[in-house]
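Please put together the full structure from these sequences, using the hints given.
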Amino acid sequence: MQYEVREYGETALLIQFKHEISLEVHLQVKALYHQLKKIQLTGVLSLIPAYNSLTLVFDPEQVDRDFLSLFLNKSLFKKEVETQPQKTVEIPVCYQEPYALDLLEVSQKTGLSPQEIIDKHTQKKYLVNFIGFAPGFMYLSGLDSSLFVARKENPRAKIEAGSVGLADQQTGVYPLETPGGWQIIGQTPWTLFSKDETPLVQMGDYVQFVPISTQEFINIKAQ
Amino acid sequence: MSIQVLTSGAATTLQDQGRYGYQDQGVPVSGYMDANAANLANLLVNNPKGEVLIEMSLMGIKFKTTEAITIAITGADMQPTLNGIPIPMYKAIQIPKDGIVKLGGAKTGVYSYLAIAGGLKIPKEMGSKSTYMPAALGGLHGGMLQKGNEIELQNQQIVQNVSKVKSVIYPKEVDLMCLPGPEWNLFSEKSKTQFLNQTYKVTADSNRIGIRLQGATLKLPVVDEIISSGIVKGTIQVTKAGTPIVMMADAPTTGGYLRIANLTQQACNRLAQVVVGGSVRFVMK
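Protein chains in written order, with this note's numbering: chain A, 1 to 223; chain B, 224 to 508.
Be a bit skeptical, because a hint or two may be false.
[Stated by the list, open to error] According to the in silico footprint, chain A covers these stretches of chain B (three or more CB under 8 angstroms from chain A):
id, region
1, 249 to 260
2, 411 to 419
3, 425 to 432
4, 445 to 455
Just so you know, the hints here were simulated from the structure itself, not pulled from any lab data.
As the structure is a computational prediction, the values presented were derived from the model and not from experiment.
Ideal placement from N, C-alpha and C gives every residue a C-beta, glycine not left out.
Structure, rendered in structure tokens:
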């Protein structure tokens with residue numbers, strides 16, 4: 001496992017892995033994140049895993065930065081990456097009216113029919129590289145390149161929680177109601193962020209979107 | 224045993240020392256914007272460090288007490304009164320039953336802190352009582368205080384702390400100590416020098432998420448973004464337009480802009496109190 005430990009302000013260290021987005025680097029970040037989470041070092045307040053980095057936030061009144069840095073550099077973290085079975089979470093998505101706000105626009109921009117877009121979006125499993133930016137937001141990779149489409153020229157002031165969108169090379173789900181510029185092609189009736197429940201999806205899981213009808217959406221939502 | 228909110232102020236929330244340990248789920252830390260002022264308010268009423276208190280921005284609240292309580296107010300000078308008579312800040316003050324405490328507009332600074340001896344009866348959510356509105360987390364139902372709200376008190380205490388601390392006057396021009404950020408060395412010598420020599424103005428679209436600054440734009444390196452990576456309070460990001468944003472309490476957990484520098488913790492506290500139009504200069508520690 002190769003990384004460099006760098007100072008990052010008075011309260012954090014940045015553990016920087018190889019400068020690329022890849023499965024190999026992802027597995028390394030995940031392995032170190034799980035090991036650090038398990039040992040719960042005194043004074044470490046928080047871990048922020050990302051594509052190729054892990055930010056470790058600490059309380060300088062409780063632990064010395066140089067000690068943490070030394071520990072991270074000298075510890076013999078398990079070199080082999082975890083081989084735990086991959087979990088796939090199937091997330092229901094309604095790609096029909098009134099939830100597929102930009103499906104026609106995406107159809108025009110990509111030259112694919114709405115059904116082709118739905119097929120391509122639901123055929124693949126996406127790797128959850130990490131959860132970040134906003135509560136419950138999944139950074140997914142694996143989008144089919146035929147679905148790469150620019151963001152909307154004018155972002156919407158309000159996008160409903162659960163909206164599924166496309167933006168450049170990314171796809172994802174808005175976990176909370178926010179403003180945003182993604183092209184919305186559907187919506188999941190599931191709640192992706194809840195303060196009271198364990199997260200449905202975690203770093204390293206795979207996600208597959210499963211198409212559902214408008215009626216099924218309403219039924220699940222009503223449960 | 225409670226206080227009743229009569230007017231809400233501009234953006235009043237309950238905050239504690241922050242929600243740590245959930246950033247791997249994308250949950251921001253939140254917590255006090257100016258930890259110095261908040262810690263002092265708690266200290267003056269013998270509350271433990273990190274206790275939840277009332278944070279007010281620019282315009283304060285008015286409330287009525289149902290019992291005698293002890294309070295302390297620090298931070299921005301919102302000219303507090305008790306039943307219409309001015310009361311000092313930076314000092315523990317006894318408020319009688321049915322007393323009406325009112326805070327006005329901030330004369331200097333931005334954020335005021337009001338601590339009540341014994342603390343507020345607020346449940347922890349994800350390990351903290353801090354309000355984070357986008358996810359309706361913490362505080363009073365996850366939102367700003369509203370007229371008509373009632374905040375239950377934990378253990379009402381009368382504190383006989385006679386010490387008065389020197390008031391802080393918040394200047395409109397401050398120097399902010401910083402450390403090199405992860406991408407500092409990607410910037411050219413010219414851009415680094417410009418970043419440290421020029422004066423930036425705090426703009427009106429600043430809030431608990433970040434303080435946006437205006438100044439001559441920085442020339443960015445050829446690679447003008449990074450693979451999304453962790454952000455902490457005090458991280459200074461440079462947008463593609465070449466202007467810095469200082470990430471504050473409610474900052475997203477990750478981002479893709481270049482991180483030119485990081486404010487020290489004390490500099491974060493100082494910056495929180497700089498009003499819109501005020502100027503800041505970065506000084507490398």
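Structure-based check of each hint:
1. Only when three residues or more bring their CB closer than 8 angstroms to a CB of chain A does the claim for the region 249 to 260 of chain B stand; here the count is 4, and the claim holds.
2. Residue count for the region 411 to 419 of chain B with a Cβ under 8 angstroms from a Cβ of chain A: 0. That is fewer than the three needed, and the coverage hint is violated.
3. With a threshold of 8 angstroms between beta carbons, the proposed coverage of the region 425 to 432 of chain B by chain A is violated, since 0 of its residues qualify and at least three are required.
4. With 6 residues having a beta carbon nearer than 8 angstroms to a beta carbon of chain A, the region 445 to 455 of chain B meets the requirement of three or more and the stated coverage holds.
Hint compliance for this structure: hints 2, 3 are broken, all remaining hints hold.
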